[in-house]
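Protein chains: 2
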Amino acid sequence: MIKRPLATALALSLGFTAGSAMADSLMDRANGLFEPVPKYPPVIDGNELTQAKVHLGKMLFFEPRLSSSHLISCNTCHNVGLGGDDELATSIGHGWQKGPRNAPTVFNAVFNAAQFWDGRAADLAEQAKGPVQAGVEMSSTPEHVVTTLQSMPEYVERFQDAFPGQDNPVTFDNMAVAIEAYEATLITPDAPFDRFLRGDANALNDNEKEGLALFMDRGCTACHSGVNLGGQDYHPFGLVTRPGGDILPEGDKGRFAVTETASDEYVFRAAPLRNIELTAPYFHSGAVWDLEEAVAVMGTAQLGTELKDNEVKAITAFLKTLTGDVPEVRYPQLPPSTAETPRPVDMVP
Amino acid sequence: MIKRPLATALALSLGFTAGSAMADSLMDRANGLFEPVPKYPPVIDGNELTQAKVHLGKMLFFEPRLSSSHLISCNTCHNVGLGGDDELATSIGHGWQKGPRNAPTVFNAVFNAAQFWDGRAADLAEQAKGPVQAGVEMSSTPEHVVTTLQSMPEYVERFQDAFPGQDNPVTFDNMAVAIEAYEATLITPDAPFDRFLRGDANALNDNEKEGLALFMDRGCTACHSGVNLGGQDYHPFGLVTRPGGDILPEGDKGRFAVTETASDEYVFRAAPLRNIELTAPYFHSGAVWDLEEAVAVMGTAQLGTELKDNEVKAITAFLKTLTGDVPEVRYPQLPPSTAETPRPVDMVP
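These protein sequence lines are chains D and P, in that order. First residue of the first sequence? That's 1 in the UniProt record's numbering, and the numbers climb one at a time after it. First residue of the second sequence? That's 1 in the UniProt record's numbering, and the numbers climb one at a time after it.
Hints may contain errors.
Said to hold, decoys possible - Straight line, CA to CA, 20 Å or less: simulated SDA-like cross-link-like pairs of lysine to any residue: (1) D:K320 / P:P336; (2) D:K39 / D:P192; (3) P:K320 / D:S151; (4) D:K98 / P:V345.
Treat the hints as calculated values from the structure; they're not laboratory data.
Let the hints inform the model, and build the full structure from the sequences given.
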């Protein structure tokens, strides 16, 4: 039996029995609240992940000609080399305009109950249509996108292959469905925490286990549970103490804009925490760059407790065990524009 | 023996002997003027292509934090999924500013005698330093780049591995050397034309062979020869007839800005023609989107001849045989920023 002096000390301090029973207990409790990221993409109702569709979706994900400028693709802000986001406080889009909120990671997004910080899109297909049309992001229109894709014979053929039996498969809806299919493959299994959940008690070290115990005991799991440790439902930011306007800008009332219900003011979807060490800066405002600071802010704002420094460090150490194996992405080759392809429009309307 | 009625007709019209002798002659002539793209990257004096260096170079090529905004990487304008360029007339850079000239493809750029449209960089390492510092492109400084890279332990380690024995390997110069090493791997062998040069007479069809013969007979090879069919030396754009200001903007005097020699006014490096069908729009101005139109403009501007429509089509068909096998690129994983990493600066100075 491996000795765990620190873990034993922790177990005693938390009132657990010592040694392996503690580890088992921690593992059991964790398995009651969380799920590992699966090794294979999930089944999506109504969107079978065929090879043809996933590959088309990948091309579209990397396709800057979905934007009117021909410069910005999904990958610009959801960069698969940077943890699936852009490491900016808020994204830069068409005409160098700034978006209002921090770009969430695309990795494991398929496991979120809804998309966007305010949950205004039910799924990834609905989500994919948003940035393409947003004036501050890709600034295009469904018609413009369809004209663009139809101008390139390879895309027409690939839409036919991805959506067999459809008379007119090159549609804005199908673009979104294909992107959803590709994004469903962008999952990051085999994080240390997943190995722990699957029974490897040594996958987390003592400090990380202490962090996990604190994460559960202090109530973080009220919002951050499930496969993504978040992304499932909506909670007021500042449940106990509202953070300052630097972290919670007054102008962005979150889900209120979707529901127009007063109780939804400053309500946001709980952030999924998978790969959180790769996706700074944090919060919908992107105002906090340091993960420990973000944990401390959550303590005061959501839990009404000032976490001790060693507690913050332990929780942060635990959060870093959520970093999984990032999918290997082969850069897709995109077809050349043709005489019928609309030319890029880089003017800001 | 395969019958080639069109080729025979062409051979007769060009005064060749008919049949296979014509094909051999065409192949021999072509081999005297051009070289195939090699299957493996070339040797670069003073820059050994070690695995560690090439991988570091790839990370840096995809690294948006080389730009002050953290949005723009080499791949933004030299997109490996879009023929190695951005399919824009002129690139969009920091603050949505427009660059003055069309972004050349990175594919096979290692075979060019010098880099940039005016040849102001002797090699790819020197070239790589330009856009990083250009105010309209990535808008950073050598000091800022080094501070950024040094803030991420993985980069420090990778520079040590790529430049063993150096006391302080994280330098702006080494950044450029690593990018050069990676870019040297971005070559596109096995185009139909390469297979033809290597002896496969059927790799080009009759129309493409007619185009090749015209390309040689009409004098295109005076500027477009060698492995890249261009990229080797400097020629006035408008040697015979100066194109209009829409195609040859008066404000950009080309190599004159480098040499300050009157005879270098409107002199540019002959464009390399490899993968030309993937890299519209054309010319340093990016003013011409259609490859046939570009060929016709070259006829009048450089050769002083109005090419017939069927000649333009044949030459264009030949040019499309220059499309090779694009390198397979696995998207690199970039390390997360740390507390020491300078924050993005998206203001335009």
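Check your understanding: Between K320 of chain D and P336 of chain P, is the straight-line Cα distance small enough, at 20 Å or below?
Key -> 12 Å, holds
Review point. Within a Cα-Cα threshold of 20 Å, do K98 of chain D and V345 of chain P meet the stated pairing?
Key: Holds, at roughly 12 Å.
Review point. Can the restraint linking K320 of chain P and S151 of chain D be considered satisfied, given a maximum Cα separation of 20 Å?
Key: 19 Å, holds
**Study point:** 20 Å Cα cutoff - pair K39 of chain D, P192 of chain D
**Key:** 14 Å, holds
Hint check: no violations occur; every hint is consistent with the structure.
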